[in-house]
Every structure is written in structure tokens, then in C-alpha cells.
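Student: What follows is each chain in one-letter form.
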Amino acid sequence: MGTVVVTGEKIEKLKRILDNHLTSIGVSLAILIDEAGNEIVSTGKIDQIDTTSLAALAAANFGATAQIAKLIGEEDFSILYHKGKKDNIHITKIGLNFILVTVFTDKIPLGLVRLRVKQLKQELLNTLSEQ
Amino acid sequence: MALINLNKREINCKIVYYGPGRSGKTTNLFYIYNAVSEKYRGKLLTIETRGERTLFFDLLPINLGKIKGLDIRLQLYTVPGQSHYRATRKLVLKGVDGIVFVADSLRKRREKNIESLIDLKNNLAEYNIELEEIPLVFQYNKRDLIEANIPLLTIEELENDLNRELKAPYFEAAAIKGIGVFETLKEISKRTVKYVARKYIFNEASKAQGGMI
Ligand SMILES: Nc1nc2c(ncn2[C@@H]2O[C@H](COP(=O)(O)OP(=O)(O)OP(=O)(O)O)[C@@H](O)[C@H]2O)c(=O)[nH]1
Ligand SMILES: [Mg+2]
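As they're listed, the protein sequences go chains A and B. Counting from 1, position 4 in the first sequence corresponds to residue 4 in this note's numbering; the numbering is continuous, with no gaps. Counting from 1, position 88 in the second sequence corresponds to residue 88 in this note's numbering; the numbering is continuous, with no gaps.
These are calculated hints, taken from the structure and not from any lab test. Computed from a predicted structure; not experimentally measured. Glycine residues also receive a C-beta, built at the ideal position from the N, C-alpha and C atoms. Worth double-checking, as some hints may not be accurate.
Capping the alpha-carbon separation at 16 Å, the derived lysine to aspartate or glutamate pairs in EDC-like fashion look like this [said to hold, decoys possible]:
(1) B:Lys8 to A:Glu12
(2) A:Lys70 to B:Glu126
(3) B:Lys43 to A:Glu12
(4) B:Lys90 to A:Glu35
(5) B:Lys43 to A:Glu75
(6) B:Lys8 to A:Glu35
(7) A:Lys10 to B:Glu10
Derived Cβ-Cβ restraints for the label pairs, each shown as a range [to be verified]:
(8) A:Ile68 to B:Glu156: 51 to 61 Å
(9) A:Gln119 to B:Ile176: 44 to 54 Å
(10) B:Leu6 to A:Glu123: 15 to 25 Å
(11) A:Gly84 to B:Leu55: 14 to 24 Å
(12) A:Ile46 to B:Glu157: 44 to 54 Å
(13) A:Asp47 to B:Asn122: 35 to 45 Å
(14) A:Asp76 to B:Glu111: 34 to 44 Å
(15) B:Asn122 to A:Glu75: 46 to 56 Å
(16) B:Glu111 to A:Gly8: 34 to 44 Å
(17) B:Leu166 to A:Gly111: 31 to 41 Å
(18) A:Asp87 to B:Tyr40: 50 to 60 Å
One side of the interface only, derived from the structure: several residues of chain B facing chain A at Cβ under 7 Å [unchecked claim]:
(19) Ala2
(20) Arg9
(21) Asn12
(22) Arg41
(23) Gly42
(24) Leu45
(25) Leu55
(26) Leu59
(27) Pro61
(28) Leu64
(29) Ile67
(30) Ala125
(31) Tyr195
(32) Ala197
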């Protein structure tokens, strides 16, 4: 368990990746967090939501679900999805140490979000591991 | 796992308040929340069952201001102390940078304090962290109850039970009245920031030498 260090340049890069794949299809919010629940980058309507609390809760939620998976003998639930009346939330593991949270409305099909997240995963990982 | 954001010149550290059920962990956070001006704190997030027992965690983000030009941000977490929440405590410890162990001074809670410290040790071991290595501060809470003639453990007993080998700093406290709360926070912050900074500098140095950390 190390220390994550992000530079301005790296943040810009990460944000660009999120914007290219997710903001571009109209998601309300995308937040990349570390396993401790720290927010690394966020993009979208971040003024309207307490992203610090959201990051902590999403990390905890993910951790709890992973433990439940273990208890029932499932390897891992690598994706979490909650459906609301108008807002939906999609939470995915990015590599071993990071989590991506995406919030989007009913206007955007879940399949599209899934596809985009799948596509950007490796890009995020590459950028995160760059020195 | 500390997060250092060179863009915003910010260090984020995670500090966890650990200890047996009802020792006063949540009370510490509430006191800090009420005493710190809004400018320096975020929202207090609590997940509790009815009757004020913590179910998952409490979280209070606070801003310590600048040290050497870097903004120091702390995420203060509490764990649920009741013994059956072991798995949950382990989750909250994920990425921890510093620990406050809040012990209950009530004599009848003696075993619970010891059990909780062992539980902490075991949970940390699963993340390959040793209690001896991570910043740690003890808080012996509820000292005010001495006036109510309730049997309390003496400081010597608490030290002997919990801190004999660790020799971490300790503070006497009455968290409900705010006594000792900021002293504890100050000490753990200082140690944690130092620890995180040292790890970071070490990483930088080994990178410069072509290390892979
Ligand atoms: N007399 C006295 N009571 C205290 C003190 N600190 C906490 N309490 C009381 O002890 C009880 C438990 O405090 P909490 O802060 O909820 O305990 P906790 O450690 O968060 O408990 P869990 O969430 O179950 O792990 C509450 O009724 C507090 O008011 C103190 O310094 N003196
Ligand atoms: Mg509590």
C-alpha cells in the first residue's frame, strides 16, 4: 500500500480521458477514487454533489460488496450498479487500487456506459502508472 | 493510502479512530466537527443504527492549513467498535495512514480494550501493516467519570495493558467535554503527515535511483 502522487499534468490527462469517454455521452458525473476513498479526479456536475462523501461511500460500498462476494464464494463483483428513479450509478474497479464512479440519468443507456467504461479502463491504468 | 496532489499542492491522509464499542470514537468526531469553523471542515458523514451505534463508519474531512506550502487535508474515520463488526472495521482500515486508539477507562471494559487492540493488530496484518510501524496515539477516554465515583482503570493499568511495548504517546481525555480531543488530534496529525511525507520522499529518492516503488 503506497502513496499515490498525482501531478497537475496527470490530473489533466485523467480528466481528459473521463471527458472523452464519459462526459461526451452526457453522464452527469464521473469520479475516480483510490481504495481509501480519496477523490483523485472528478468531472461533470461536481458543484451539485458532495464528492468527498460520495467517494468515501462508494469505496466502502465496493469494499463491502467484495467481502460479500467472498463469503458466498464468488470471486468478485467487479461492477456495481444501482438504479434510481432518474439517476443511476455505476461503480467499477480500475486495476487493483482504484474505483471509477459514474452517475447518469435514464436518458443514457446502461449498455453505453458499460462499453465506455470498459474502453477507458486501460487508458486510466496506463496514465495512473506513468512515472 | 495517502494521496498527494501536486496540482492542488495538497496531501490527503486517512486517520482512523479505533477502539471497542462505546469507547467514544464518534464523540471525538462530533466534538471536532462542532469546534472547527466551517471553512476548515467538510460534511460529517455518519452511518449509524438506531441508538447511536456506528454501523459502518463516520467520516469528517478537515483541513489543517498549510505546512511548507502544502495543504494538509485529513479524513477522520471511526470504525464500529462492537465485536461482531470485525469485517467492517477491516474495510474502514483500507488505506489507513494513522490510528487513534480510543480506550474506555471504565474498569469493566478492560477486556474489551485489550480485545480491540488485538483485533486492530490482526486487521492491519491483513494489509501487511504492523502496529509498531504505523503512526499511533492512545486516548484514554471518559476520565471525567472519576468524579461520579465510577470504577475506572488507572493510567498505569491502561498503559500496562495496551501500550507497554508500543510506547506510543497517550492522552487522557473526556471527549464528551472536549478534554484531550484536540491534543490527540494534533499529535496524530503531526505523526501521520511526517510519516506520509517521509514515505513520499523515500519513493522519490528510490525513483531517482531507478527504483520501482
Ligand atoms: N462520561 C463520558 N461519556 C462519554 C465520553 N465519551 C463518550 N461518552 C459516551 O459514551 C457513549 C458512546 O460514545 P460513542 O462516541 O457513540 O462511542 P463509539 O466509540 O463511537 O461506539 P461504537 O460506534 O459502538 O463503536 C455515548 O453515550 C457518549 O456520550 C466521555 O469522555 N465521558
Ligand atoms: Mg461510533
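Student: Now tell me if each hint is right for this structure.
Tutor: Going down the list of hints, with the structure as the test:
With a CA separation close to 12 Å, the supplied pair Lys8 of chain B and Glu12 of chain A stays within the 16 Å bound. A distance of roughly 15 Å separates the Cα atoms of Lys70 of chain A and Glu126 of chain B; the hinted pair therefore holds under the 16 Å criterion. For the given pair, Lys43 of chain B sits about 27 Å from Glu12 of chain A by alpha-carbon distance, which is inconsistent with the 16 Å threshold. Using a Cα cut-off of 16 Å, the hinted pair Lys90 of chain B and Glu35 of chain A holds, with the two alpha carbons roughly 13 Å apart.
Only pairs whose Cα atoms come within 16 Å are accepted, and Lys43 of chain B paired with Glu75 of chain A is rejected, the gap being roughly 35 Å. With a C-alpha separation of about 20 Å, the suggested pair Lys8 of chain B and Glu35 of chain A falls outside the 16 Å cut-off, and the hint is violated. At roughly 15 Å between alpha-carbon atoms, Lys10 of chain A and Glu10 of chain B fall within 16 Å of each other, so this suggested pair holds. Between Ile68 of chain A and Glu156 of chain B the C-beta distance comes to about 44 Å, which lies outside the given range of 51 to 61 Å.
Checked against the hint of 44 to 54 Å, the C-beta distance between Gln119 of chain A and Ile176 of chain B comes to roughly 53 Å, which is consistent with it. Distance hint for Leu6 of chain B and Glu123 of chain A: a CB-CB separation of about 21 Å, consistent with the stated range 15 to 25 Å. At roughly 22 Å, the beta-carbon separation of Gly84 of chain A and Leu55 of chain B lies within the given 14 to 24 Å, and the hint holds. Remark: the range hint 44 to 54 Å for Ile46 of chain A to Glu157 of chain B is upheld by a beta-carbon distance near 50 Å.
With their beta carbons about 42 Å apart, Asp47 of chain A and Asn122 of chain B fall inside the hinted range of 35 to 45 Å. Judged by the Cβ atoms, the range 34 to 44 Å given for Asp76 of chain A and Glu111 of chain B holds: they are separated by roughly 36 Å. Distance hint for Asn122 of chain B and Glu75 of chain A: a CB-CB separation of about 24 Å, inconsistent with the stated range 46 to 56 Å. A hinted range of 34 to 44 Å is violated for the C-beta pair Glu111 of chain B and Gly8 of chain A, which are about 51 Å apart.
The hint said 31 to 41 Å for the Cβ distance between Leu166 of chain B and Gly111 of chain A, and at roughly 53 Å that hint is violated. The hinted range of 50 to 60 Å is not satisfied by Asp87 of chain A and Tyr40 of chain B, whose Cβ atoms lie roughly 31 Å apart. Among the interface hints, the one on Ala2 of chain B holds; its C-beta lies about 5 Å from the nearest C-beta in chain A, closer than the 7 Å criterion. Checking Arg9 of chain B against chain A by beta carbon gives a least distance of about 10 Å; that is not within 7 Å, so the hint is violated.
Look at Asn12 of chain B: its Cβ gets to within about 5 Å of chain A, closer than 7 Å, so that hint holds up. The criterion of a C-beta within 7 Å of any C-beta in chain A is not met by Arg41 of chain B, whose closest approach is roughly 11 Å, and the hint is violated. Interface hint at Gly42 of chain B: satisfied, since its Cβ lies 5 Å from the closest Cβ of chain A, which is below the 7 Å cut-off. A cut of 7 Å between beta carbons decides the hint on Leu45 of chain B: the least distance to chain A is about 5 Å, and the hint holds.
Annotation: Leu55 of chain B was flagged as interfacial toward chain A, and the flag is violated, the nearest CB pair being 11 Å apart, outside 7 Å. At a threshold of 7 Å, the smallest CB-CB gap from Leu59 of chain B to chain A is about 5 Å, leaving the interface hint in force. This hint holds: Pro61 of chain B has a C-beta 5 Å from the nearest C-beta of chain A, less than the 7 Å allowed. The beta carbon of Leu64 of chain B comes no nearer than 15 Å to any beta carbon in chain A, farther than 7 Å, and the hint placing it at the interface is violated.
Contact between Ile67 of chain B and chain A, as hinted, is not supported at the beta carbon level, the nearest pair being about 16 Å apart and thus beyond 7 Å. For Ala125 of chain B, the suggested interface contact is broken, since its CB lies about 13 Å from the closest CB of chain A, more than 7 Å. For the restraint placing Tyr195 of chain B at the interface with chain A, the shortest Cβ-Cβ distance is roughly 10 Å, beyond the 7 Å limit, so the hint is violated. Because the smallest distance between the Cβ of Ala197 of chain B and any Cβ of chain A comes to about 9 Å, over 7 Å, the interface hint for this residue is violated.
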